[in-house]
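Student: Here the structure of chain A is known, so what remains is to put chain B in place on it, guided by the hints.
So the protein lines, in turn, are chains A and B. Residue numbering for the first sequence follows the numbering used here, beginning at 3 and increasing consecutively. Residue numbering for the second sequence follows the numbering used here, beginning at 4 and increasing consecutively.
What the hints contain is simulated information worked out from the structure, not anything from laboratory work. Treat the numbers as computed from the prediction; the structure is a model and nothing was measured. No residue lacks a Cβ here, since even glycine has one placed at the ideal position from N, Cα and C. Treat the hints loosely; a few may be bogus.
[Said to hold, decoys possible] Pairs of lysine-lysine residues, derived as DSSO-like cross-links and limited to a Cα-Cα distance of at most 27 Å, are as follows:
(1) A/K443 / B/K112
(2) B/K175 / A/K436
(3) B/K175 / A/K399
(4) B/K67 / A/K446
(5) A/K446 / B/K175
(6) A/K443 / B/K67
(7) A/K399 / B/K112
(8) A/K443 / B/K175
[To be verified] Taking CB as the label site, the calculated pair distances span:
(9) B/G86 / A/D454: 39 to 47 Å
(10) B/G109 / A/S442: 46 to 54 Å
(11) B/P12 / A/E405: 58 to 66 Å
[What the hints assert, rightly or not] Residues of chain A clear of chain B, computed beta-carbon distances all greater than 10 Å:
(12) N8
(13) L97
(14) S131
(15) G145
(16) Q161
(17) R406
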Amino acid sequence: MNTVFNMHGGIHPKEEKHLSNPGTVLDAGLPPSLVLPLSQHIGKPSSLCVAPGDHVLGGQLLAEADGMVSVPLHAPTSGTVVAIEPRPVPHPSALNNLCLQLECDGQDRWIEFAGCEDWRVETPDSLISRIRAAGVAGMGGAGFPTAVKLMARERLPLQTLIVNGTECEPYITADDTLMQVDAAGIVEGAQILAYILGVKQILLAVEDNKPAALEAMQKAAEAGGDDCKVMTFPTKYPSGGEKQLIEILTGKQVPAGGLPADLGIVCQNPGTAVAARDAVCFGKPLTDRIVTLTGRALTRPGNYRSRLGTPIEYLLTVAGFDPTQNRRLIHGGPMMGFALESAAVPIIKTTNCILVPTEQELPTPPDAQACIRCGLCAEACPASLLPQQLYWYARAKDQEQLERHHLADCIECGACSWVCPSHIPLVQYYRAAKGMMRESKTEKIRSDRSRDRFEARQERLERETLAREAQRAARRAAAEQKAAEGGANDPVAAAIARAKAKKESPSDEGADS
Amino acid sequence: MLTLLQSHPLFAALVALLGLGLGFGAVLGYASVRFRTEGNPLVDQINQLLPQTQCGQCGHPGCKPYATAIAEGGAINKCPPGGQETIDALADLLDIEPQTLDAEHGEEKEPNVAYIREDECIGCTKCIQACPVDAILGAAKLMHTVIADECTGCDLCVEPCPVDCIDMLPRKGGIEHWRWDLPEPSENKSGVIATDRAAA
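One chain only, chain B, in its complex shape:
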């Protein structure tokens, strides 16, 4: 065998390449089984950027299904709660052009929190079944209430309520949610040079 290889360099090269190919193929094959990623990592990355309101305004039953749809090439501008910020972040992640929010699915608004007018609640449990994050507490024929910290403000409980006792109130009203605004960049307002301003 050895003498055969020595006398036929072409043959020896072929054998060597074949051996290398088999060796690396085995390593890759093992790695693909051993280090297999569960699920689609892109879906998870997209899901991380979505606001997790689970409101279904995009037409999908929750944020994860919408993330799956985006990963399969769906439009990225169907999420009103996330607004432009989420669209920009998604465009950045997927390396595509940012778009404006599709008005068909609703418009961007301040986050809300559901509030049950407890005197009027009849204890029908319909809102409990509608809540996507189990943020409503109560039992049949007993008063229900919203765990405000867990409520995503998705509006899904409003529709099923037979006595219309659920209000959506703004979540960020008080002084503790206040924050400074970015100053308006004033290069746009006035000339760059002081004399420009004097002339204006």
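Only chain A is shown next, with the shape it has when bound in the complex:
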């Protein structure tokens, strides 16, 4: 049907996708209150435009985009803004960040949306601003503002749009479900995105472990037109990584430090395509998403359509959470997700899965042992890196060598940790090392600027001292010159002379006055 290529490395972890029953969307319902973090995307946090006490309708703007790389935030239902304060957010740090709490009034009243009748007659720029105004950010996990990604068309010639329906991570079936229930929406969204980007070719990529989604997408693509082509390829983790998928579909590799746009390719998640379609055709902002709630500690796992800001504890109750079975909560999948400290955090635009495993299902990793240099990690690495070397250099904090071994190209997929017979948490080391390098880079920029400012100030002070001295010298010289020119011009001598004259002839005084 199609030619595909092989990617480097990769692993085959247990899929466990059947658990969450892909293909059916359940409704998570309306929780009593929603907590909406102002930073649900990559870039600057949105800036608030409501105050506590305000009553808002569903779809109303709560916070607008602050600058270029940012997205606005909309109310997922009607209710009252009760608090704007730092709250726990889904983030590996378990730190608090600014959130807006919306007390739902239960009526779920919405504002009127205005979509455009026919997007084919609009200019790409006006469509981009519609997508931007709807607050769409990449829904695959990274949360990069979609409108900014679409602006790549201004810099580079593009040929291909890839809709990445790979969803290679175990357990997660949110995209699988979306492809089964709204394949037509994905195709239309992809056509809108392709029109904006000015590309002629749309590749809809689906892994071969999702036959139902594949069939639905094929039907929709045939109905959609000639420009869409469904591609399928063998299941392997992490084929859904942007760069890995491009290698599988085209056989070309994205250069180190480069972007897919360098090859004329842009990748989008199916959820993002649907959100873009909703934004353009119906004027509907992004206020909900499909979240996979799965794991054997849930009695009713499944794919739940949830409003943004829904607390995870509420969703767990809906999905039949059994607290006796579970020891930890994972935001995202088992390979790339992170553990949550508490269930009191909300879901955000990038939450595709909440994994609630039992201890038998996903046991606590045993203590790491020494590296035996078996080399399995290097075979598994999809980015063709040397995980072992990176591990040593990360431990030694040797930034020069880390850079030379291309740490920045690590996609943090976790394949190396998964194959490691010594259970070394390799990805943890890389994440820490990346953070360390990022920090020292910003510190370097900072210290360079401080040095420049310090030197500029030193120079200025020196200049001022010199100027003052020159002024003083000039004044002294002028005074000396006057003194040399004689008493006539010297005011002191003149005054003395006048006083003397006055004393000598007091009669003149009367005549003067």
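Tutor: What follows is chain B alone, placed relative to chain A:
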């Protein structure tokens, strides 16, 4: 001349060596003038490694003077803002043994940023004059404020303030400055062989 050289090989060798010496000497002499390095390159290299806080905790009026002192053989462990990392980097550059931070000059702490409580500021300009990187904005009898991005957290503005309205706040508190920690290497925690752990 030629016949003289031919008949006295020793003399010819001397002349040849003298000629070569003069020729290369001229080249070297020219190069030393033409490609002269301005300043002391070692000072610049050391200065690159210092944190540029310009705080003066080392006893020198700024990072560059301290770099000059180090280049002349001064101690490398007098910089609290740089901490152990800077000392190690300096030791590596100068090929000497790394030392621990000299506690006399202060202790390593998280970077700060100055914050002026603006209601209390009387506009005396004393902090502006103290700031080594011109990071404070204001004029006489008008409120002053710190350009937070440019502040090095050197503490030099705190002392001169007559109304004590400057606070030093931690620079890296928020979620945007958070980063993953290196995992604790667990070879130290448990035995290398699984049965060791079972026994423990």
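Student: Look at each hint and say if it fits the structure.
Tutor: Checked hints:
Distance restraint check for A/K443 and B/K112: the Cα-Cα separation of roughly 19 Å lies within the 27 Å cut-off, and the hinted pair is therefore satisfied. The suggested pairing of B/K175 with A/K436 holds, with an alpha-carbon distance near 17 Å, which does not exceed 27 Å. Between B/K175 and A/K399 the alpha-carbon distance is near 21 Å, which keeps this suggested pair within the 27 Å criterion. Taking the CA atoms of B/K67 and A/K446, the gap is about 16 Å. The hint holds against a cut of 27 Å.
About 16 Å separates the Cα atoms of A/K446 and B/K175, which keeps this hinted pair within 27 Å; it holds. Our distance criterion of 27 Å between C-alpha atoms is met by A/K443 and B/K67, whose separation comes to about 21 Å. Between A/K399 and B/K112 the alpha-carbon distance is near 20 Å, which keeps this suggested pair within the 27 Å criterion. For the proposed pair A/K443 and B/K175, the alpha carbon gap of about 15 Å is at most 27 Å, so the pair holds.
Restraint check, B/G86 to A/D454: a C-beta distance of roughly 23 Å breaks the suggested window 39 to 47 Å. B/G109 and A/S442 have their C-beta atoms about 22 Å apart, which leaves the hinted 46 to 54 Å range violated. The beta-carbon spacing between B/P12 and A/E405, approximately 59 Å, falls within the hinted interval of 58 to 66 Å. The Cβ of A/N8 lies farther than 10 Å from every Cβ of chain B, with a closest approach of about 31 Å, so its non-interface assignment holds.
The beta carbon of A/L97 sits about 5 Å from the closest Cβ of chain B, which is not more than 10 Å, so the claim that it is off the interface is violated. No beta-carbon of chain B is positioned within 10 Å of the beta-carbon of A/S131; the least distance is around 27 Å. The Cβ of A/G145 lies farther than 10 Å from every Cβ of chain B, with a closest approach of about 14 Å, so its non-interface assignment holds. Non-interface call for A/Q161 relative to chain B: holds, since the shortest CB-CB distance, roughly 36 Å, exceeds 10 Å.
Against chain B, the non-interface label of A/R406 holds: every CB pair exceeds 10 Å, the least being about 17 Å.
This entry does not satisfy hints 9, 10 and 13, going by the numbered hints stated previously.
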